[in-house]
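**Q** As a plain string of letters, each chain reads:
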Amino acid sequence: MAYVAVKGGERAIDAAHAWLAEARRGDASVPELSLAQVEQQLGLAVDRVMAEGACHDRGLAALAIKQARGDLIEAAFLLRAYRTTLPRFAASLPVDTNAMLLRRRISATYKDLPGGQVLGPTFDYTHRLLDFALAAESLPAAAPEVTRAAEPAPRVTGILAQEGLMKPETISEAEPADLTREPLAFPADRSLRLQALARGDEGFLLGLGYSTQRGYGNAHPFVGELRVGEIAVEIVPPELGFAINIGEITVTECQMVNQFAGSKTEPPQFTRGYGLCFGHGERKAMAMALVDRALRAKELGEEVEAPAQQEEFVLFHCDNVEATGFVEHLKLPHYVDFQNELEKVREIRASAFKDAAE
Amino acid sequence: MSALLEATGLTLRFGAVTALDDVAVSIWPGEVVAIVGESGSGKSTLLRVLSGLAGPEAGTVLYRDPDGTVHSLLDMPEASLRRLHRSDWGFVHQNPRDGLRMGISAGGNIGERLMAAGSRHYGAIRAAAAEWLARVEIDPARIDALPRTFSGGMQQRLQIARTLVTHPRLVFMDEPTGGLDVSVQARLLDLIRALVADLGLAVLLVTHDIAAARLLAHRIVVMRRGQVVEQGLTDRVLDDPQHEYTQLLTTSVLSA
Amino acid sequence: MTTATGYNFGYLDENTKRMIRRALLKAVAIPGHQVPFGSREMPLPYGWGTGGIQVTASVIGPSDTLKVIDQGADDTTNAVSIRRFFAKVAGVATTERTTDATIIQTRHRVPETPLREGQILVYQVPMPEPLFKLEPRVAETRRMHALADYGPMHVKLYEDIARTGHIAISYNYPVMVGGRYLMSPSPIPSFDNPKLDRMAALQLFGAGREKRIYAVPPYTAVKSLDFEDHPFRPIRADATCALCGSRESYLDEVVTDDAGGRMFVCSDTDYCNTRQAAREAAE
Numbered sequence: 094m095a096y097v098a099v100k101g102g103e104r105a106i107d108a109a110h111a112w113l114a115e116a117r118r119g120d121a122s123v124p125e126l127s128l129a130q131v132e133q134q135l136g137l138a139v140d141r142v143m144a145e146g147a148c149h150d151r152g153l154a155a156l157a158i159k160q161a162r163g164d165l166i167e168a169a170f171l172l173r174a175y176r177t178t179l180p181r182f183a184a185s186l187p188v189d190t191n192a193m194l195l196r197r198r199i200s201a202t203y204k205d206l207p208g209g210q211v212l213g214p215t216f217d218y219t220h221r222l223l224d225f226a227l228a229a230e231s232l233p234a235a236a237p238e239v240t241r242a243a244e245p246a247p248r249v250t251g252i253l254a255q256e257g258l259m260k261p262e263t264i265s266e267a268e269p270a271d272l273t274r275e276p277l278a279f280p281a282d283r284s285l286r287l288q289a290l291a292r293g294d295e296g297f298l299l300g301l302g303y304s305t306q307r308g309y310g311n312a313h314p315f316v317g318e319l320r321v322g323e324i325a326v327e328i329v330p331p332e333l334g335f336a337i338n339i340g341e342i343t344v345t346e347c348q349m350v351n352q353f354a355g356s357k358t359e360p361p362q363f364t365r366g367y368g369l370c371f372g373h374g375e376r377k378a379m380a381m382a383l384v385d386r387a388l389r390a391k392e393l394g395e396e397v398e399a400p401a402q403q404e405e406f407v408l409f410h411c412d413n414v415e416a417t418g419f420v421e422h423l424k425l426p427h428y429v430d431f432q433n434e435l436e437k438v439r440e441i442r443a444s445a446f447k448d449a450a451e
Numbered sequence: 542m543s544a545l546l547e548a549t550g551l552t553l554r555f556g557a558v559t560a561l562d563d564v565a566v567s568i569w570p571g572e573v574v575a576i577v578g579e580s581g582s583g584k585s586t587l588l589r590v591l592s593g594l595a596g597p598e599a600g601t602v603l604y605r606d607p608d609g610t611v612h613s614l615l616d617m618p619e620a621s622l623r624r625l626h627r628s629d630w631g632f633v634h635q636n637p638r639d640g641l642r643m644g645i646s647a648g649g650n651i652g653e654r655l656m657a658a659g660s661r662h663y664g665a666i667r668a669a670a671a672e673w674l675a676r677v678e679i680d681p682a683r684i685d686a687l688p689r690t691f692s693g694g695m696q697q698r699l700q701i702a703r704t705l706v707t708h709p710r711l712v713f714m715d716e717p718t719g720g721l722d723v724s725v726q727a728r729l730l731d732l733i734r735a736l737v738a739d740l741g742l743a744v745l746l747v748t749h750d751i752a753a754a755r756l757l758a759h760r761i762v763v764m765r766r767g768q769v770v771e772q773g774l775t776d777r778v779l780d781d782p783q784h785e786y787t788q789l790l791t792t793s794v795l796s797a
Numbered sequence: 021m022t023t024a025t026g027y028n029f030g031y032l033d034e035n036t037k038r039m040i041r042r043a044l045l046k047a048v049a050i051p052g053h054q055v056p057f058g059s060r061e062m063p064l065p066y067g068w069g070t071g072g073i074q075v076t077a078s079v080i081g082p083s084d085t086l087k088v089i090d091q092g093a094d095d096t097t098n099a100v101s102i103r104r105f106f107a108k109v110a111g112v113a114t115t116e117r118t119t120d121a122t123i124i125q126t127r128h129r130v131p132e133t134p135l136r137e138g139q140i141l142v143y144q145v146p147m148p149e150p151l152f153k154l155e156p157r158v159a160e161t162r163r164m165h166a167l168a169d170y171g172p173m174h175v176k177l178y179e180d181i182a183r184t185g186h187i188a189i190s191y192n193y194p195v196m197v198g199g200r201y202l203m204s205p206s207p208i209p210s211f212d213n214p215k216l217d218r219m220a221a222l223q224l225f226g227a228g229r230e231k232r233i234y235a236v237p238p239y240t241a242v243k244s245l246d247f248e249d250h251p252f253r254p255i256r257a258d259a260t261c262a263l264c265g266s267r268e269s270y271l272d273e274v275v276t277d278d279a280g281g282r283m284f285v286c287s288d289t290d291y292c293n294t295r296q297a298a299r300e301a302a303e
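Just so you know, the protein sequences line up as chains A, B and C, in that order. Take the first sequence: its position 83, counting from 1, is numbered 176 in our numbering, and each next residue is one higher. Take the second sequence: its position 196, counting from 1, is numbered 737 in our numbering, and each next residue is one higher. Take the third sequence: its position 201, counting from 1, is numbered 221 in our numbering, and each next residue is one higher.
Mixed in with the good hints, there may be bad ones.
In the DSBU-like style, the derived pairs of lysine-lysine whose C-alpha atoms are separated by at most 30 Å in a straight line are [said to hold, decoys possible]:
#1 A:Lys-391 to C:Lys-176
#2 C:Lys-153 to C:Lys-231
#3 A:Lys-424 to A:Lys-437
#4 C:Lys-153 to A:Lys-204
#5 C:Lys-108 to C:Lys-243
#6 C:Lys-153 to A:Lys-260
#7 C:Lys-37 to C:Lys-176
#8 C:Lys-176 to A:Lys-260
#9 A:Lys-391 to A:Lys-260
#10 A:Lys-437 to A:Lys-447
#11 A:Lys-159 to A:Lys-204
#12 C:Lys-108 to C:Lys-231
#13 C:Lys-37 to C:Lys-231
#14 C:Lys-243 to C:Lys-176
#15 C:Lys-108 to A:Lys-204
#16 C:Lys-153 to A:Lys-391
#17 C:Lys-176 to C:Lys-153
Please keep in mind that the hints were generated in silico from the structure rather than gathered at the bench.
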């Protein structure tokens, strides 16, 4: 949703923009930030902006971050708006995360498993002590390298499914609804919900996911598997009739395994929560998986009580570009409607005092 | 004190509205007292004050426990009041959803008070629940069903079973037939009458339905605008009303 | 006293340690009762053991020997991280032998080797409130504990049996402590619950994110909830440890191939290593 500039002197607005440009540059004696620096050294910010901007382009995301002065929601907005200008010429085949070139792969449900626990570049086991050495420029020591033969790394959910322990997903050949082309409609099916969550605000989903762990919704889930790595994006051009690889992107995939349900008629099974996002975004993928599972409550015959389980509440409010648009629009002039309120309040108060006096 | 519950001088205002104005009412073991009046009369507020769920600005409520000791309800610590509500007292809400755990099976709903009182034998709890379902005319085969699969009338009967399973001596009922259609109401009233007789319950029943009061109650208390305008034996008050408001009430009702 | 790194002994300042010790004393005085405390941000994230770390930091002294385990093993990444943390900020001796430790900080297991008087077992607790799945509001659960109003928990067990014929809780199985307070033993497998009953060691529980501490003093009665006709039964995989041959210890399942191959090994690595060494010595 774009708001046309409302009232305000054009000169005032031009001056504001000029000031913004100065503020963005900051002290001219400090070296200017390059897009390469943002893309390389603030890589996780770039990943987040691509995920919430719903557009995979590291260079553009880096530019958006510089332009937005580090405000990541503003940057996601820039990327989304840019996306609107792009023509769509194909839809890719579903990406095969099974064939992922794994940089990081962990499972909390098994101590060890085929493919191993590969830690990758992670903050997880660092101690959060400010490292003042980073204030100076330096080159880190080279990380130890080891060559391993590529080992098959079957999905943990697949291992459980072999025993019949995973509740199978419903496969559908129907064309999935496209959130980028049509508005959300309710009830929303799983593919539409996942699309909305994939571009949803990481903070909002994090809070909702957290709430499900604290009793507002589901019981304690397990990380069946978390994978980060490169996958191929393939399209089938109609002229060729076969798939071609148009590039590789990094994605993060999380499969949460949730406690068994079960009833008198159905024996217990594990149920899945799924999360997927562009780049290296573990918090996002995990939160998404928690909320995905919570939103399956109705389908799995659970009571829908908690906010994370309510699909309209979650899906309408998780898009931070929409949210910030509407929240921040309150800064626009509203003095006409407010005047109306003023007069109404004065009128009611006047008659209340008049009644009291009688 | 021989009464089970004795209240005097109860006064409570909500802003400019007087909900209770110097109200006195008592109830003896085994008797049913109906509190009747139109909406806004203060009858529901009175029930809440008598059951300790709300506090008056003035007045006292005395309660005699099974040992014969008299307690002042308003001075009672919260722990004792909660214990009372789980054992010697029952409260049947107008909307059964307020008195049931909708996500718990019928059997679990009935068994809860038994478990809270220390019952630890699954088989015995389940048997007691099945027995009570039969007693309130719900098919015991529905013992594992969730209340949301029950009709309104069944939910209300389940609420009654849940409340009576620990054999309380005093039950507060707030418009128990409200929201149910006429034939269902009649069945429910019959059930309540039978249970009261079988178990020797004392019941404080709030209702705007004069016919229900006539059917169930030994004594009737008529309220209007926070005041008790008339009280006495049901038949006497309804057949020979003294206060003009009571006369108005009785003449606007088709006699049963 | 400060260590070479410039941190106070045990990382926390002395006032914070005092505040935590007061909470611990209250907790020990009322077994199983949750005592709120002013949990601090630590260099490890909330949810990764900050409660356990703060409790350990408040009771540890220069003469202590510390063992840290996660899932029963000393070499899991988080156990390594926490052990290194204390080595750095307290300079205490560390060990992997349960019998040699004076303080054992644990996540999700109780050591197989029985503990003795004088040892302290510090549990890392994610959710201290045993009732949270039934009632997420803390204000309400506080009231329930104060009034010993535990009916809803028994109802939950009843519902499990009605639905599946079994109590459906596996880890974090609720217990009654001293016959008065309902307590979460932390996400240890229910197999470990009997070890808490009348344990000779002091058991301290720290929940950093939820900001609560509780305790079970030595020789306190700890009983898992059940029904007379559905008694509590600890469960473990029906298998033998492939490394040491134990049929009694709690086992980890290791998937060996993608055709369904599996093996089982003791989760408690110290216990398993000790048994293996004894077996070799005997040969």
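**Q** Hint by hint, say whether it matches the structure.
**A** Results of checking the hints against the structure:
1. A:Lys-391 to C:Lys-176: Roughly 20 Å separates the two Cα atoms, so the pair holds.
2. C:Lys-153 to C:Lys-231: Measuring from Cα to Cα gives roughly 18 Å; hence the hint holds.
3. A:Lys-424 to A:Lys-437: 22 Å, holds
4. C:Lys-153 to A:Lys-204: Between C:Lys-153 and A:Lys-204 the Cα gap is close to 27 Å, so the pair holds against 30 Å.
5. C:Lys-108 to C:Lys-243: 38 Å, violated
6. C:Lys-153 to A:Lys-260: 23 Å, holds
7. C:Lys-37 to C:Lys-176: Answer violated: C:Lys-37 to C:Lys-176 is near 38 Å, above 30 Å.
8. C:Lys-176 to A:Lys-260: OK: C:Lys-176 and A:Lys-260 at ~24 Å, within 30 Å.
9. A:Lys-391 to A:Lys-260: 15 Å, holds
10. A:Lys-437 to A:Lys-447: Roughly 15 Å between the alpha carbons, so the hint for A:Lys-437 and A:Lys-447 holds.
11. A:Lys-159 to A:Lys-204: 42 Å, violated
12. C:Lys-108 to C:Lys-231: Since the Cα atoms of C:Lys-108 and C:Lys-231 sit roughly 25 Å apart, the hinted pair holds (cutoff 30 Å).
13. C:Lys-37 to C:Lys-231: Distance ~14 Å between C:Lys-37 and C:Lys-231 Cα, so the pair holds.
14. C:Lys-243 to C:Lys-176: Roughly 17 Å separates the two Cα atoms, so the pair holds.
15. C:Lys-108 to A:Lys-204: The hint holds at about 27 Å.
16. C:Lys-153 to A:Lys-391: Satisfied, since the Cα-Cα distance of roughly 18 Å is no more than 30 Å.
17. C:Lys-176 to C:Lys-153: 10 Å, holds
Violated hints for the displayed structure, listed by number in ascending order: 5, 7, 11.
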